[in-house]
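K.L.:
Residue-level listing of the chains:
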Amino acid sequence: MSTQNGNHANTGLRLKVGLAEMLKGGVIMDVMNVEQARIAEEAGAVAVMALERVPAMIRAEGGVARMANPKLIREIMSAVTIPVMAKARIGHFAEAQVLQQLGVDFIDESEVLTPADEAHHIDKHAFTTPFVCGARNLGEALRRIAEGAAMIRTKGEAGTGDVVHAVQHMRQITRELRQTTVAREEELYHLAKEHGAPYELVRLVAKTGKLPVPNFSAGGIATPADAALMMQLGAETVFVGSGIFMKERATPLDVEHNAKEREEAVSRARAIVIATTHFNDAKIVAEASEQVTGTMKGLAAAAIEERDQLQTRGW
Amino acid sequence: MIASDAWKHSLGVLAIQGDYEAHSAAFAEVGVSTRPVKTPTELAEVSALVLPGGESTTMLRLLRRDGFDAALRDFVHARPVFATCAGCILLASEVLHPQQESFAALDVTVERNAYGRQNESAILPIETTLRGDALPDEPLEAVFIRAPRIVRAGAGVETLARRDGYPVLVRQGRILAATFHPELSADRRVHQLFLQILATQP
Numbered sequence: 000m001s002t003q004n005g006n007h008a009n010t011g012l013r014l015k016v017g018l019a020e021m022l023k024g025g026v027i028m029d030v031m032n033v034e035q036a037r038i039a040e041e042a043g044a045v046a047v048m049a050l051e052r053v054p055a056m057i058r059a060e061g062g063v064a065r066m067a068n069p070k071l072i073r074e075i076m077s078a079v080t081i082p083v084m085a086k087a088r089i090g091h092f093a094e095a096q097v098l099q100q101l102g103v104d105f106i107d108e109s110e111v112l113t114p115a116d117e118a119h120h121i122d123k124h125a126f127t128t129p130f131v132c133g134a135r136n137l138g139e140a141l142r143r144i145a146e147g148a149a150m151i152r153t154k155g156e157a158g159t160g161d162v163v164h165a166v167q168h169m170r171q172i173t174r175e176l177r178q179t180t181v182a183r184e185e186e187l188y189h190l191a192k193e194h195g196a197p198y199e200l201v202r203l204v205a206k207t208g209k210l211p212v213p214n215f216s217a218g219g220i221a222t223p224a225d226a227a228l229m230m231q232l233g234a235e236t237v238f239v240g241s242g243i244f245m246k247e248r249a250t251p252l253d254v255e256h257n258a259k260e261r262e263e264a265v266s267r268a269r270a271i272v273i274a275t276t277h278f279n280d281a282k283i284v285a286e287a288s289e290q291v292t293g294t295m296k297g298l299a300a301a302a303i304e305e306r307d308q309l310q311t312r313g314w
Numbered sequence: 000m001i002a003s004d005a006w007k008h009s010l011g012v013l014a015i016q017g018d019y020e021a022h023s024a025a026f027a028e029v030g031v032s033t034r035p036v037k038t039p040t041e042l043a044e045v046s047a048l049v050l051p052g053g054e055s056t057t058m059l060r061l062l063r064r065d066g067f068d069a070a071l072r073d074f075v076h077a078r079p080v081f082a083t084c085a086g087c088i089l090l091a092s093e094v095l096h097p098q099q100e101s102f103a104a105l106d107v108t109v110e111r112n113a114y115g116r117q118n119e120s121a122i123l124p125i126e127t128t129l130r131g132d133a134l135p136d137e138p139l140e141a142v143f144i145r146a147p148r149i150v151r152a153g154a155g156v157e158t159l160a161r162r163d164g165y166p167v168l169v170r171q172g173r174i175l176a177a178t179f180h181p182e183l184s185a186d187r188r189v190h191q192l193f194l195q196i197l198a199t200q201p
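Residue numbers (numbering that gives the first Met the number 0), protein chains in the order written: chain A, 0 to 314; chain B, 0 to 201.
For the record, the hints were derived by calculation from the structure and aren't laboratory data. Heads up, a few of these hints could be off.
[As the list claims (entries may be wrong)] For lysine to any residue, the following SDA-like pairs were computed, each having C-alpha atoms within a straight-line distance of at most 25 Å:
#	chain 1	residue 1	chain 2	residue 2
1	A	209	B	30
2	A	206	B	29
3	A	70	A	101
4	A	282	B	28
5	A	259	B	63
6	B	7	B	114
7	A	259	A	290
8	A	282	B	38
9	A	282	B	27
10	A	282	B	35
11	A	246	A	279
12	A	282	A	298
13	A	209	A	195
14	A	70	B	118
15	A	209	A	142
16	A	209	B	28
17	A	246	A	261
18	B	7	B	64
19	A	282	A	302
20	A	296	A	56
21	A	282	B	29
22	A	282	B	67
23	A	282	B	185
24	A	206	B	185
25	A	206	B	27
26	A	209	B	29
27	A	209	A	193
28	A	209	A	246
29	A	70	B	96
30	A	206	A	12
31	A	209	B	32
32	A	282	B	59
33	A	209	A	9
34	A	209	B	34
35	A	209	B	185
All values reported here derive from a predicted model rather than from experimental measurement.
Model the full structure from these sequences, guided by the hints.
P.N.:
Encoded structure:
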């Protein structure tokens, strides 16, 4: 990775990917208030994603999901010392401008929010703040990288607590990466067409066998074993959304007033952090899993109609 | 460049969180293989250690199981250590902004996130004060990411490079520490300097 970074002509991109490198082997947690952010940091999160509603609530409540209120983002930024991320709608570059102005450390151009543009993603080269984008396959990942994304995450199906689509997307990306490495030179042009991705990037991954930016996983990771699964499948860090602070599908644990529910959130957060680091050691993952006092109820991804899926947003 | 004496060491990279793979790749480029260290058992099998960049709060939390923090504290007070960014924070004798526990193996006071957030991260050429083998006259490229600042360095700490007057690369005997990320540059001189230090250590 370091040599690749060293070869990037673009200083801005190297700095962006550099921060993504620092987040490797960690857990990025969705938080909706200052107390949750503090719990996440104390439990060992490498970063928090500041949100008004986690995906499970957005799914349950419906309506238009937008960038969080800057006041909330600021409060969370001043409450913790770890990096703070925030989401902008797909294509909504003005929301991204606001987030950059606030000084967030990473912007997630996210399918979890209601898309603002049905054809164009944000030109991420135009920003100094790094971006992470979701992808379900290699073509989507490379299109986002071409637009300037400094980190890719699998989309999975956010807000479900069902890891099945995160697995599907990670397997697909790694399988398609492997396929490029055995393709003949002249076949790469055809692969570029098939993936709908720039030829230069296809050629690059064919050489290295990996994405030129860190590849993280998100979308349905709810337990320590889920995190270990995604890390073993090739994720370099995991995002955990509703899995830590949600009780029922649309009801968060009350970490501010209920000591027992706070303890449950703490136990989940700590266990997922330990399982992510020690993903290859089943004994430690087992030990971490034992400490968890409850798990988000969840929603089987197979029960969601395709038109209600979040992962199909983005192009 | 690599003294043959370096080979008597088994070099580990603390691999609980952060850019530990970038350090392993950097050492591989100069012909030295490293071993990932995730547990006290693995720590006991190495004779020198790299503490990579990452999030220091996360590393501290992950060290708090299975007696890993105590084992690591003993290790960094006795063995050769190369630390970058978060690793430098873990080694410091005092951490500010906010206060945070640390191993106090390196006599410096460190201020976390001292330059600001990610938008203030920067890649800068820095002059080094060390002449000779590892760090010749030409400036080093220094990648600062949400970097800490060494606001005080004790008498036994040699400053090898500065940014705006503050030390960014320091040596205290068998310890080498940077507030930037030499592992993210193509320049391998800082890693080679550590190998030279290693060669002089039992």
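K.L.:
Next step is simple, just say for each hint if it's right about the structure.
P.N.:
Hint check:
no. : hint          : verdict
1   : A:209 - B:30  : holds (23 Å)
2   : A:206 - B:29  : holds (22 Å)
3   : A:70 - A:101  : holds (10 Å)
4   : A:282 - B:28  : violated (34 Å)
5   : A:259 - B:63  : holds (23 Å)
6   : B:7 - B:114   : violated (39 Å)
7   : A:259 - A:290 : holds (14 Å)
8   : A:282 - B:38  : holds (13 Å)
9   : A:282 - B:27  : violated (30 Å)
10  : A:282 - B:35  : holds (18 Å)
11  : A:246 - A:279 : violated (28 Å)
12  : A:282 - A:298 : violated (28 Å)
13  : A:209 - A:195 : holds (18 Å)
14  : A:70 - B:118  : holds (19 Å)
15  : A:209 - A:142 : holds (15 Å)
16  : A:209 - B:28  : holds (19 Å)
17  : A:246 - A:261 : holds (11 Å)
18  : B:7 - B:64    : violated (30 Å)
19  : A:282 - A:302 : violated (33 Å)
20  : A:296 - A:56  : holds (13 Å)
21  : A:282 - B:29  : violated (35 Å)
22  : A:282 - B:67  : holds (16 Å)
23  : A:282 - B:185 : violated (38 Å)
24  : A:206 - B:185 : holds (19 Å)
25  : A:206 - B:27  : holds (19 Å)
26  : A:209 - B:29  : holds (22 Å)
27  : A:209 - A:193 : holds (18 Å)
28  : A:209 - A:246 : violated (37 Å)
29  : A:70 - B:96   : holds (22 Å)
30  : A:206 - A:12  : holds (20 Å)
31  : A:209 - B:32  : holds (21 Å)
32  : A:282 - B:59  : holds (21 Å)
33  : A:209 - A:9   : holds (20 Å)
34  : A:209 - B:34  : holds (22 Å)
35  : A:209 - B:185 : holds (19 Å)
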